[in-house]
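*Asks:* Listed below, chain by chain, are the residues.
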Amino acid sequence: MAVNDNKVETVEKAEEKKPELPNTKEGNLVRELLEKAPYAEGSVRREKRIEFRVPAERIHEFLELASETFEMLMQISVVDWLKENEFELVYQLWSVSESVHAFVKTRVPRENAKLPTVMDIWPVAETYEREAHEFFGIVFEGNPRLGPFILEPREYEKHPLRKDFNTLSYVKTIYGEDFDRYDESKTNYVI
Amino acid sequence: MSERKNDEFISYELKEFKLFEPLFRWARKKSLWIVAFCTGCGGIEMPPLATARYDFERFGIMPNPAPRMGDLFLITGYVTPKTLKRIIITYEMMQDPKYVLAHGSCPINGGVYWDSYNVVKQLDKYIPIDVAIAGCMPRAEAVMQGIMDIIRKIENGEADGWKRYRENYEWYRKNQDELFGEGWREKDAKRWLAWL
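Protein chains in written order, with the working numbering: chain A, 1 to 191; chain B, 1001 to 1196.
Pair ranges (Cβ atoms, derived):
no., chain 1, residue 1, chain 2, residue 2, range
1, B, A1134, A, N166, 26 to 32 angstroms
2, A, Q75, B, R1053, 35 to 41 angstroms
3, A, T24, B, I1089, 56 to 62 angstroms
4, A, G142, B, A1134, 46 to 52 angstroms
Distance condition first, Cα-Cα at most 30 angstroms in a straight line; then the derived DSSO-like pairs of lysine-lysine:
no., chain 1, residue 1, chain 2, residue 2
5, B, K1030, B, K1015
6, B, K1153, B, K1125
7, B, K1153, B, K1030
8, B, K1174, A, K158
9, A, K172, B, K1085
10, B, K1187, A, K172
11, B, K1082, A, K163
12, B, K1085, A, K163
13, B, K1125, B, K1174
14, A, K172, B, K1082
15, B, K1082, B, K1187
16, A, K105, A, K158
17, A, K158, B, K1190
18, B, K1174, B, K1163
19, A, K105, A, K48
20, B, K1163, B, K1187
21, A, K158, B, K1125
22, B, K1163, B, K1015
23, A, K158, A, K83
24, B, K1174, A, K172
25, B, K1085, A, K158
26, A, K25, A, K48
27, B, K1029, B, K1163
28, B, K1187, A, K158
29, A, K172, B, K1125
30, B, K1153, B, K1029
31, B, K1082, A, K158
32, B, K1018, B, K1030
33, A, K114, A, K83
34, B, K1125, B, K1190
35, B, K1187, B, K1174
36, B, K1153, B, K1015
Residues from chain A shown here face chain B by an in silico Cβ test under 8 angstroms; the list is partial:
no., residue
37, E152
38, E155
39, I174
40, Y175
No lab work stands behind these hints, which were simulated from the structure alone.
This structure is a prediction, so every number in the text was calculated from the model and none was measured.
All C-beta atoms, glycine included, are put in the ideal place defined by N, C-alpha and C.
This is chain A alone, in the form it adopts within the complex:
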C-alpha cells in the first residue's frame, strides 16, 4: 500500500508541475491542443516527443482535433495491464509539418473492451485495429473487417498476446508434450 501511496503522490506532484509546459515548439503544440480539449492531459517528454492521456469515451473527438496537426497515424499499440485490469491503447501520431511524434494514450477495461474506430480520420487505421482486435480482443466499433486476420482461427479465439494467455500449456496441447526443457532427472524446469 505504501508503494501505491507514493505513486499517487508523485502523480499529484506531476500534475501540479503540469502548467509549466516548456516554451518550445513541442510545448506550444501541447498547449494549443489542450486549450481545444481541456479533458485531456498533456506533457512534453523530450525533444520531438509529446504525450497525451485521454479518457476512452472522448478518444475519437480528441484524435479528430489532433489530426489537424498530426497528419499521420503511425501505429496503434496495446499494452495489457493485468493487475489494473485495463488495456492501454497508444495511438502514435506523426506530424509531418512540425516533425513531432505524439503518443495518445487511453485506457479501457479488459472485459468487453470497446472503442470507436478511427478509420474515418485515418483509413490506414483499419489494419492496426484488425491487429489489435486479433491479438487482444478489443472491438473497434465501425471497422468493417474485424475478424480472423493473420493467425490461425484457433489462435484468434484465444487472443494470444493477452497476459493471461498461458503460452506453455497451449504449446503442449497443440505441439505435444515432449518439448519441455527439464533437466535429466525430470524434476527441475531449466528455462
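Dock chain B against the given chain A, drawing on the hints supplied.
*Replies:* This is chain B only, laid out in the frame that chain A set:
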C-alpha cells in the same frame, strides 16, 4: 547406418537400371538444385553462400524458382504453422529424389521459440529431414558442412527422406492433420493451388 543395405528399403528405381545406380547417385549429388524457400532468419545466410566467398555453385548447387525442378529443399529457420502448410505442399510438389536440409535449432526443437504458440516445435514430425544443422543461426561455414554432409549421404544412399515419406505417409499425414485439422488441404491449399 552405414551397414544398412539399400536392398532393405523398398526400391523405387527400375530394376533394369540397378546397374547404373552408382552413376545416378553421382549425378544427383553433383547437381543439387535448391528450392529457395527462405523462412525465418536463415534466408540472410544464403547470399554469402551463393556469392564469391563460399560459392556453392562449384558443387552444382543452383537456386531454382520452381519446386518441380528442385532436389534440395532448404528450410532456413523457424517454421510457423502457416508456413508449414506451404512447406508440405511444396515438398509434395517436388520430384522424387528430394532432400531436406534444416537450418538452425528452430526446426529441431523450437529453439528460442520453445514456448511460442506460433512456431512448430519439431519439423521432423511433419516432413522428413535428411540433415539438420544446429546453431542459432548457423554460419555459412556450418551450412557448407551440412551441404557436404548431404552430398556424402546421397553417395552412401543414406539420404532417404523421400523414401521414408512414402513408407510412413500415414504417420506424417496423421501428424499434419492433428496440427491443422482434417481436410486442411481441401480448405486452404486449394486457395493457392487451383489444380489440387
